[in-house]
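The listed protein sequences derive, respectively, from chains A and B.
First residue of the first sequence: 213, per this note's numbering; consecutive thereafter.
First residue of the second sequence: 213, per this note's numbering; consecutive thereafter.
Since the hints were derived computationally from the structure, they do not count as laboratory data.
Treat the numbers as computed from the prediction; the structure is a model and nothing was measured.
Mixed in with the good hints there might be a few duds.
DEER-style ranges, computed between Cβ atoms [unchecked claim]: (1) B:GLU658 with A:ARG614: 40 to 48 Å; (2) B:GLU457 with A:GLU597: 48 to 56 Å; (3) B:GLU457 with A:ALA550: 24 to 32 Å; (4) B:HIS561 with A:GLY364: 30 to 38 Å.
Here are the simulated lysine to aspartate or glutamate pairs, EDC-like style, with alpha carbons at most 20 Å apart [unchecked claim]: (5) B:LYS664 with A:GLU658; (6) A:LYS664 with B:GLU658; (7) B:LYS354 with B:ASP398.
Beta carbons: idealized from backbone N, C-alpha and C, even for Gly.
Protein chains: 2
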Amino acid sequence: MANLLRATAAWGLFSCRGYCSRIKQGKLSEDFVEALKAVVGSPHVSTAAAVLQQHGHDESMHRCQPPDAVVWPQNVEQVSQLAALCYSQGMPIIPFGTGTGLEGGVCAVQGGVCFNLTHMDRILALNTEDFSVVVEPGVTRKALNTHLRDSGLWFPVDPGADASLCGMAATGASGTNAVRYGTIRDNVLNLEVVLPGGQLLHTAGQGRHYRKSAAGYNLTGLFVGSEGTLGLITAATLRLHPAPETTVAATCAFPSVQAAVDSTVHILQAAVPVARIEFLDEVMMDACNRHSKLDCRVAPTLFLEFHGSEQALGEQVQRTEEITQSNGAFHFSWAKEAEERSQLWAARHNAWYAALALRPGCKGYATDVCVPISRLPEILVQAKEDLKASGLTDPEDTEELRRVEAFAQQLGRRALALHGTCTGEHGIGLGKRQLLQEEVGAVGIETMRQLKATLDPRGLMNPGKVL
Amino acid sequence: MANLLRATAAWGLFSCRGYCSRIKQGKLSEDFVEALKAVVGSPHVSTAAAVLQQHGHDESMHRCQPPDAVVWPQNVEQVSQLAALCYSQGMPIIPFGTGTGLEGGVCAVQGGVCFNLTHMDRILALNTEDFSVVVEPGVTRKALNTHLRDSGLWFPVDPGADASLCGMAATGASGTNAVRYGTIRDNVLNLEVVLPGGQLLHTAGQGRHYRKSAAGYNLTGLFVGSEGTLGLITAATLRLHPAPETTVAATCAFPSVQAAVDSTVHILQAAVPVARIEFLDEVMMDACNRHSKLDCRVAPTLFLEFHGSEQALGEQVQRTEEITQSNGAFHFSWAKEAEERSQLWAARHNAWYAALALRPGCKGYATDVCVPISRLPEILVQAKEDLKASGLTDPEDTEELRRVEAFAQQLGRRALALHGTCTGEHGIGLGKRQLLQEEVGAVGIETMRQLKATLDPRGLMNPGKVL
């Protein structure tokens, strides 16, 4: 949220309820299943109910909608052949990576064939001098960073889950390091895409990994964030960064949201190259204290991290401390040792579970919006009022899911009213299609529809998502 | 060139020859001209030969191809009405900013109406807390930075010319600061675009200026670099940066191209946040010495600049010096005083004129390519050999233009062979359409053609460019 200052507040908890249910079966002809098997081999096709069910949902609360078959292609040629087969038969195609999305992007709303791409998990090329790497769709961000360990380089984009990198490209993912290193959008140099009819597209030309170009339309940018609705990403060329020499983390508690936001603006205006800056409200801090055994003050808090040389960090730390103090910070706490630092960020990464622990036996409902940073205090105040008015904090409420959905929609509208976006990093998926229309307007939606119709004239690529 | 290390070498000089010639006239009906005048008023429409001629070329060597009329809309509503009028009459539309392009992007190859957008020159909004500004198409990069002078912010993208910012967005421009601040592509948050038929599109939704989003297809990225072939950019929301507290510049001479490139890679791997890094070969250095009265060693040379606090710069300078020395640098020269620094960068910015001065009475031919940084030495060696073989350095040559064009095409192909791009910042325009096909391949070109046909079904937006 908020111009790369991400804010996390404890809202959106509701009672546990039945999850995956109806499984459509027998929609596929035997011939068609045989044709799939002819491409990838029998062991790599499944129509087993349990498998279909497992592939019909992500980590969101969207109802499980299973595909009619799951295939595990082993290479890009098979992806291409499968896509051509499905497309010619009018069969929906749903790409599937780690299934860690948060907006129902993998739900097979019209059935069809789920392409599980995790068997394609090779790192195809690493160019350390050019700061680039090429990965197949089964490679996750943690696997890549493990591979890079001795290279002096790393890939900094870190959404909560250990998502696949190609899935992150498809979703437009982000994470805690975006303030310094950008989102996935800023770090994709080239994509290999199987178009719906099976054709192979290299968005920046085959094998290319330059950092800037003015050559023709930006196809790479069009496919990043397209959520599998324009094609299947079968390889991504990513930009790497030098691994930080030294890292220091900190927390800083403030008397108000405004003071935390003002500090953030001043830190950025002072060009302090902060790597991570995350805001947690007092309810979230309390939850983190309890869950992760922290001893932080229960107040609006910034989590910060700096990357650089020993000497550079000393100066960054000092400047930041001065800025926060001049904005009335209560308390500043630096964590320099690796152990202390990872405890802090583990607490931040476990914020979701800390929130869940506030109401044992409940499930969480995740949403995200983004506003210009100057509007962050407003939207936080508004959201807290909405939350109160919604009665969602009443544990006796029996109709919570509907109301938490209404709250998330309202939060999206509030972000739009403050010149923001209804999603900074989770994507549109199933749940935010109406909000997208309000965000980009009639001409924007019509333009997107035209692009979709051009690249997927039969409407078979991950149907029902985004538009 | 080269992964944001830009390299400049002295090639491409040829004899002066006749420039603008044939003026088509009388292609427009009186009724149509009257209709144009009814929208913008008589003083803002011209069909005078001199005006048409002036609008038929940019700063490249592409032959002048004048439009049939020039209009100066005063606001976006007029742009929209004019576009609708032209489109309904099958009349080509050519957007025109400062006319400083380098690939013939404004040549009216099919005649039509040139939209000179320089009368729309307001800065519509400045949000210092959110680091954003909204500019109309008549605002140039220098005008914006003058406006920002007391805000503590600046806009760092700096192509050679004082181009209009919307024109820079249309072209996909870059400049000397790209290594730290990115190209124009990384710094456009939103665009207001008049589509060919007159409809108004806000690529990220009206009034929005957040820094990250995962909401739908990336329309902003599609229009950046589209060279006026998809619509007319009538306003751009740009990302601003904190103005550097202190600046230090330096030059460093090397025994070889390889040593300069190795130094660059090591500087980047060490995460030294260098703001500018430019390579000049020994011929170019010699020309700069003569033209700008510098006293630099005639050798392959890096021009560097660092931005930051006094303390941070001290460390950056020291590290960089160590790295270059370990790579065998001959000579390191720091320029800390503003005057000394601007003399250095003025010399770099005047490199074009320094090259021209090597052969008085000649015109220059500009081209650009970009390769992964590890391949820079190869392409420089290859290009120098090609240059020698081409006979272009022979002043008695009477057929130079054809040969310099052939040399530029060959340079583009060499970049492609080294996994690079045929243009890092000048665009495709008229001259590099064949190279673009080779760069992105048949499926890539077909995808671009489909996008063009979708957004401009009658093919009237800046026809003959890019594709």
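Going down the list of hints, with the structure as the test:
no., hint, result
1, B:GLU658 with A:ARG614: 40 to 48 Å, "46 Å, holds"
2, B:GLU457 with A:GLU597: 48 to 56 Å, "40 Å, violated"
3, B:GLU457 with A:ALA550: 24 to 32 Å, "31 Å, holds"
4, B:HIS561 with A:GLY364: 30 to 38 Å, "34 Å, holds"
5, B:LYS664 with A:GLU658, "15 Å, holds"
6, A:LYS664 with B:GLU658, "15 Å, holds"
7, B:LYS354 with B:ASP398, "19 Å, holds"
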